[in-house]
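Participant: Could you build all of it, start to finish, from the sequences and the hints given here?
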Amino acid sequence: MEILRVENLSKTYGTGEARVEALRQVSFSMERGEFGAVVGVSGSGKSTLLHCIGGLDKADAGKVFISGRDLFEMGEDERTIFRRQNIGFIFQSFHLIPELNVEQNITFPLLLDYKKPDEKKVEEMLKVLGLTERRKHLPGQLSGGQQQRVAIGRALITRPALVLADEPTGNLDSGSSQDVMELLCKASRYYQQTVLMITHNMNLTSYADRVFRVADGRLCELGGDAQ
Amino acid sequence: MKHYLDLIKFSAKQHKKQNRMTKLCIVLAVFLVSVIFGMADMEMRSQMIQAVKTDGSWHAAFVVNEEQGAILLARPEVESAARYGALNYRLKDGYQIEGTETGVGGFDKEFQEMIPDAEVIAGTFPDKPDEAVMNENIKARLGVQIGDTIHMTTPWGNEKEYHITGLVKNTALTAELDAFCIFLNTDGFSELYEEQAAGEAEELYFVKFRRFCNIQKTIDEITVQLGLKEGQVRQNVKVLALMIQSRDSYMMQFYFVAAALAMLVVIAGILMITASMNSSIARRTEFFGMLRCLGAVKGQVIRYVQREALEWCRIAIPAGVAAGVVVVWGVCGLLRFLSPGLFEGLPVFGVSFMGIGAGIIVGFLTVFLAAGSPAKQAARVSPLTAVSGNAGTVHAVKRTADTRFFKVDTALGIHHAAGSKKNFLLVSGSFAFSIILFLAFSTAIDFMHHAINPLRPSAPDIRVNLEDGSNQIPAQLAKELEKAPGVKRVFGRGYAGLTMPDGRQITAVSYGKYQFQWAEESMLEGSLKDASEGKGVLFVSQEEDTPDVGSHIKVLAGGKERDISVAGIIGGVPDMTDTAADMMFCQEDLFRELTGEKGYAVLDIQLQRNARDVQVQEIRQIIERACGDGIIFSDKRIKNQEARGASYSMAVFMYGFLAVIALIGFFNIINCIAMSVSARIKEYGAMRAIGMSTGQLERMVVGETLTYAFSGAGFGCALGLPLNWLMFDSLVTSRWKEAWSIPGWELAAAAAVMAVSVLLAVSGPARQLKDMIVVDIIR
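Listed in order, the protein sequences are those of chains D and S.
For the first sequence, our numbering gives the first residue as 1, with consecutive numbering after it.
For the second sequence, our numbering gives the first residue as 1, with consecutive numbering after it.
Hints may be right or wrong, so weigh each one.
[Said to hold, decoys possible] FRET-style restraints, in silico, Cβ to Cβ: (1) D:G68 <-> S:D6: 56 to 62 Å; (2) S:A752 <-> D:K136: 41 to 47 Å; (3) S:F10 <-> D:K127: 51 to 57 Å; (4) S:I773 <-> D:S42: 18 to 24 Å; (5) S:D402 <-> D:G68: 36 to 42 Å; (6) S:F10 <-> D:G68: 47 to 53 Å; (7) S:F368 <-> D:S42: 41 to 47 Å; (8) S:K770 <-> D:E123: 35 to 41 Å; (9) D:K127 <-> S:K682: 28 to 34 Å.
[Said to hold, decoys possible] Straight-line distance between alpha carbons at most 30 Å, and here's what the computed DSS-like set of lysine-lysine pairs gives: (10) S:K169 <-> S:K128; (11) D:K120 <-> S:K398; (12) D:K115 <-> S:K770; (13) S:K139 <-> S:K479; (14) S:K407 <-> D:K121; (15) D:K58 <-> S:K682; (16) D:K136 <-> S:K398; (17) D:K136 <-> S:K422.
Honestly, the hints are just simulated from the structure, not real lab data.
Glycine included, each C-beta is placed from N, C-alpha and C at the ideal position.
Facilitator: Laid out in structure tokens, this is it:
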């Protein structure tokens, strides 16, 4: 089942001599449960691609369909609610809410929907993340690896169809990086969630089903037929 | 770039928006302080102008004999002195010119410099004992000119002849009493005085002391030196108080209150600037860490922060002071427009050095001192902080937000406000401070209402009644006068005693359309319309014996018993507070029907703003033609102008002060919230990325703002109400014995200002959050 479809996505920054084509006619799609990795040098357009797919940034042209819904056809508020219910975000610098403890941070997307979190699911998530003992700790009291695990929990708690991870191991040591990657693999294999991850580290592409490279705004699939 | 401090210029270009906020804050604080001190300065000047006009510019007066007078004049502190004496100031003693009681004053020429009312406006001051200056009433009514001779009879039957050498203006009192008045020189006065009190040789010396002299100490020394008793020394309390030279216990309390309020305003300014600078530095912790990382020593970071603060001052302080000066000009212009005669001495473009000085000192010192603490804070940032990317932009979080009772957005907002005790106390403390300041200053308004009686809309400029008090002023005269040039409106009333069947007396007072209109605001119950149509009468509310509306009273009128309906009850009647108990107010036709009286006992005339003296004389002639000579013509224009001027001046400044204080609170709330949102913008960006809607972000900011507002209001009332009571006790209760009560309208006004501030405080950041580009923030 197709979860993500990107059609002719283009994005340009600046004008005149400062004009940069961050994305040029990017098209690809991903099925349910697939794990994709996007690689590329700095400034190649990886993050722009992820932000456009996540609805954080608007493309100049092209379309993004998630679970069949056109993201750019939605109004701002509708897109925001769609994002929190259908897309999980994981950032390099975690972006946890410093005033909320581990449990509250994980359930934050549910709380934004004014839903009472299912305690069983939260327990299960904490267990999967290995954070049961730390559930009442504030982000400031956690290590980088633990903070990223909380961020992963937050991204997965709504069981979104698509998880977008922007350099999720960029700020972590190798031990923590491996934990994070295993969790993302689990999301893809066990929960059948589609994961698209940006990374600099070619070693991490070994976890992915598909690997894309972005260079000068163009996307190609390594060993595949995406363009 | 030649020096590391040149970085400030480049940094300023990059952070224009954030710096603008801090600069705006300094401008506001300096503006508010310079406006408050400038207005206080101008208020003191305008009060001094009024005080000198009404009471004179003398400082003290001594009742001494000639020998003591010589000693007094020889003292080095005395700048000028003049002898003064008065006869027949009650207008009852029998000094008369052409049958009219005449007040007689005698003084040295120097006295004119101390009392503007004594100034000769035409002709010259009398040099010889048989010369005199006359007041405008004599000139107008007797047609006497300078150079003519007048004759005055004394109570002992002697006739004195005086050559008129000059003219003085009517004073408020002589105009109101329609009195004749002549002024002699001291020799002429002594001759006249000896006739009344042979042998007594004590005179009243008015004294003006030199500048910078300690007046109270000098008065004490003079009292001891001349062996004077308590009644022999008088002080011009108002002028001395305005020179801050009074030792009057009430004035001492007043000084204390003024000093306390000035301190509060300065503290408010300091708090605003400090909060803004703290926030500005906190936002850039990472930047300062980077400076340290690149090798800047702590001292260099401190110098950087201080120099940057001084750069802000270079523009912000002059801008704040300039804005303050413009507002003070506006206030002075307003006063001159409202009361041109009284405040012509007040410069429209007057510069208050006190206001400018206070603004500059508060601005400069505060910025410099306020820069010290954040500078140290900035210097403490470890280089590691910058490179690790862990530089906090807000206070470290120690407690978890409680999401049990409120939705997560509101709960986070509350936690943003209350999460850090220090921040919570600082911000809600500064909100509370505005309320405390407002409640403290509002007692000055209570003081004003007690100290000054504003002119009522019904106040006449001219009042006419007959010497015998009868209702013989023809009603037709009112209509005739209304057409006279310079007249705005004319209204009269008749008085007539009526007997009730039980023998009690009641006075019927006739009311015309204007009086009924003015009665509306004091109407307590019943129908004013019925009363004005003659269907019933009005009574004044009394503690006992107020008749019920709709009930009937019986009076004997024209030999018959008449049944009169009570149409309404009014709270009071101007000028009749004591006598209103036995009065009923009825429409003119009903009055005539009940009493048979066709005319008025009193005729009140209100003049147009630009009415001239010639027109007043014409009015007087019309009245004299209609009523004959037996009228009492009371010209209240000067008295009204003084009352109106005093009321305008105090009201403009007091309400001005209060408005500025409300502005302090207003800007403080808006600024605090804008700073808080600005400091958390990265966090908000992340929340938007995760899926928080703009509505939820707004609710979060509202939650934060309301937490500060409610807690600030709570603290403010808890401290402000006792302070309000204390100041009310000092300013009002101690003088007018009025008991303190909870200041309802002040609290309502503070709440309204706070509500508007909260609304605006939220709307700015809400717009900012709505327009925020999430990608740029989370990058």
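Participant: Could you run down the list of hints and mark each one as holding or not?
Facilitator: To see whether the hints hold, each was checked on the structure:
| no. | hint | in the structure |
| --- | --- | --- |
| 1 | D:G68 <-> S:D6: 56 to 62 Å | holds (58 Å) |
| 2 | S:A752 <-> D:K136: 41 to 47 Å | holds (43 Å) |
| 3 | S:F10 <-> D:K127: 51 to 57 Å | holds (52 Å) |
| 4 | S:I773 <-> D:S42: 18 to 24 Å | holds (21 Å) |
| 5 | S:D402 <-> D:G68: 36 to 42 Å | holds (40 Å) |
| 6 | S:F10 <-> D:G68: 47 to 53 Å | holds (50 Å) |
| 7 | S:F368 <-> D:S42: 41 to 47 Å | holds (44 Å) |
| 8 | S:K770 <-> D:E123: 35 to 41 Å | holds (37 Å) |
| 9 | D:K127 <-> S:K682: 28 to 34 Å | holds (31 Å) |
| 10 | S:K169 <-> S:K128 | holds (21 Å) |
| 11 | D:K120 <-> S:K398 | holds (28 Å) |
| 12 | D:K115 <-> S:K770 | holds (24 Å) |
| 13 | S:K139 <-> S:K479 | holds (29 Å) |
| 14 | S:K407 <-> D:K121 | holds (20 Å) |
| 15 | D:K58 <-> S:K682 | holds (20 Å) |
| 16 | D:K136 <-> S:K398 | holds (12 Å) |
| 17 | D:K136 <-> S:K422 | holds (23 Å) |
Checked against the numbered hints above, the structure violates none of them.
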